[in-house]
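Student: Chain residues, written in single-letter form:
Protein chains: 2
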Amino acid sequence: MNQSITYLSQKEAYESDQDLMSQRVGYSIDILMELAGQSVAHCFHHINKKYHSQKLKNILVICGPGNNGGDGMVAARHIAHLDKAYKLTILVLKAPVKDFFINQLTICKQYSIPIKELPNEIDVSAINALQKTELLFKSYDIIIDALFGFSFQPPVKPPSDIVLQALKNVDVPICSVDIPSGWDVEKGNIHNSFDPSYLISLTLPKEGSRNFKGKHFVGGRFVPYEFSEKYKWVMPEYKENETFVELE
Amino acid sequence: MNQSITYLSQKEAYESDQDLMSQRVGYSIDILMELAGQSVAHCFHHINKKYHSQKLKNILVICGPGNNGGDGMVAARHIAHLDKAYKLTILVLKAPVKDFFINQLTICKQYSIPIKELPNEIDVSAINALQKTELLFKSYDIIIDALFGFSFQPPVKPPSDIVLQALKNVDVPICSVDIPSGWDVEKGNIHNSFDPSYLISLTLPKEGSRNFKGKHFVGGRFVPYEFSEKYKWVMPEYKENETFVELE
Chain Y
1 MNQSITYLSQ
11 KEAYESDQDL
21 MSQRVGYSID
31 ILMELAGQSV
41 AHCFHHINKK
51 YHSQKLKNIL
61 VICGPGNNGG
71 DGMVAARHIA
81 HLDKAYKLTI
91 LVLKAPVKDF
101 FINQLTICKQ
111 YSIPIKELPN
121 EIDVSAINAL
131 QKTELLFKSY
141 DIIIDALFGF
151 SFQPPVKPPS
161 DIVLQALKNV
171 DVPICSVDIP
181 SGWDVEKGNI
191 HNSFDPSYLI
201 SLTLPKEGSR
211 NFKGKHFVGG
221 RFVPYEFSEK
231 YKWVMPEYKE
241 NETFVELE
Chain C
1 MNQSITYLSQ
11 KEAYESDQDL
21 MSQRVGYSID
31 ILMELAGQSV
41 AHCFHHINKK
51 YHSQKLKNIL
61 VICGPGNNGG
71 DGMVAARHIA
81 HLDKAYKLTI
91 LVLKAPVKDF
101 FINQLTICKQ
111 YSIPIKELPN
121 EIDVSAINAL
131 QKTELLFKSY
141 DIIIDALFGF
151 SFQPPVKPPS
161 DIVLQALKNV
171 DVPICSVDIP
181 SGWDVEKGNI
191 HNSFDPSYLI
201 SLTLPKEGSR
211 NFKGKHFVGG
221 RFVPYEFSEK
231 YKWVMPEYKE
241 NETFVELE
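Chains Y and C, in that order, are what the protein sequence lines are. Yeah, the first sequence ends on 248 if you go by our numbering, and it's all consecutive. Yeah, the second sequence ends on 248 if you go by our numbering, and it's all consecutive.
These are computed hints drawn from the structure, not numbers from a lab. Fair warning: there could be bad hints in the mix.
Copies of the same chain look alike in the list, so a pair counts if it works inside one copy or between any two.
To be verified - Under the rule of at most 27 angstroms between Cα atoms (straight-line distance), these lysine-lysine pairs were calculated in the DSSO-like manner:
(1) LYS239 <-> LYS157
(2) LYS157 <-> LYS50
(3) LYS84 <-> LYS232
(4) LYS87 <-> LYS187
(5) LYS49 <-> LYS157
(6) LYS132 <-> LYS50
(7) LYS239 <-> LYS98
(8) LYS49 <-> LYS239
(9) LYS87 <-> LYS157
(10) LYS213 <-> LYS94
(11) LYS49 <-> LYS132
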């Protein structure tokens, strides 16, 4: 049944996101990001129990400069709240300037989550920047990729290019949020990016993830019935109070 | 173990709420209300399964003019999302003027939740206003009381006085949010208000609910570890990704 759910083009994802936050529907970015990030956290915990016997404790969340990064920040603090055994670290590619993201990082600090900034961790102009980034990534049990979301357009600029290359080179499990970073949102992995083990699509999967070979989940349970009917979307069927579903 | 959790005075509840939304901690009202209302919805669904074999389908959510009413609005749409069999109605005592509450009601309409306004439903100046309000309330399987929260101070003004009296007179199960409306936040039911069957305290229970005789739950799982340590709060222990806990 899940296989028949709707997949979104980049334009559809963008326009419906704007519509959800319009006066017509009434959501704020805070609400949508909270529910999206929470579903990522719940799904991550499920993945860790089901596929890793809860052994993944040391978690790096890579947060990009846009809303995908915000989802990652929300997910990080919800994961921290699920089990004190989880040790989270957030990596931001540059210090956020918008109040909204600054506030999200402030809450994360209240959960004792250290915030690393890539240019401070690794001299990205150095010749061994890639090796150093790989070394950093290898020190974690799993990496949550919240670098780029459904707005992604190439080309990838520094230091994101190094991050993507390091993610491709290291052997650490990766869980991507919404779309694997570096993938074309509609055409999939045409730029030779990494293949994550897990993908948690938000609202609905994007066309580019149709041929994703890993474990695929959908989270972000906030689409009102009248909204999905208007767009003629076939939504995933959430069970009870679950915030995510696994696709078959 | 749960019996030893912290109970808050009215002042502690107010000041810690302000602190959660300060620049120091970083939460917005949208985030806190979303998580609070979601926990009420999950808890309501649990109550309905555990104590009523899911027979409570026709639900009235009474929303007051403050943040407790906002929690009720969020809870209503999350309940609507949990099961299409739930038929929600929101009753507001007056039309909200703040954008924040207007937006919350707008989202509820996207879930096909009708919004009733008390003065339009019942002529509160009429001599039989109480009977008409009771009749309205009796047409539902359960009432979620999100009228007054931890900021409550007597006296109760019209038309809230009629609502409280009708809630006392009718035989419909009531589930209160944060504190039973009309109860003193610290001294309990000293004003001869109604006794709800269920109480879902948010963040932590208030002193006034220490002698509550019904089924008591705590929701609002958003207190960071460093925050509860600062206040020396003993928090309830949430299981897995549950958003609420039942107190023993």
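Student: Does each hint fit the structure? Answer for all of them.
Tutor: Quick rundown of the hints versus the structure:
no. : hint              : in the structure
1   : LYS239 <-> LYS157 : neither (40 angstroms within a copy, 42 angstroms between copies)
2   : LYS157 <-> LYS50  : neither (36 angstroms within a copy, 54 angstroms between copies)
3   : LYS84 <-> LYS232  : between (42 angstroms within a copy, 18 angstroms between copies)
4   : LYS87 <-> LYS187  : neither (35 angstroms within a copy, 41 angstroms between copies)
5   : LYS49 <-> LYS157  : neither (36 angstroms within a copy, 52 angstroms between copies)
6   : LYS132 <-> LYS50  : neither (32 angstroms within a copy, 54 angstroms between copies)
7   : LYS239 <-> LYS98  : neither (36 angstroms within a copy, 34 angstroms between copies)
8   : LYS49 <-> LYS239  : both (18 angstroms within a copy, 14 angstroms between copies)
9   : LYS87 <-> LYS157  : neither (29 angstroms within a copy, 50 angstroms between copies)
10  : LYS213 <-> LYS94  : neither (31 angstroms within a copy, 53 angstroms between copies)
11  : LYS49 <-> LYS132  : neither (30 angstroms within a copy, 53 angstroms between copies)
Violation of the numbered hints given earlier is confined to hints 1, 2, 4, 5, 6, 7, 9, 10 and 11; the remaining hints are satisfied by the structure.
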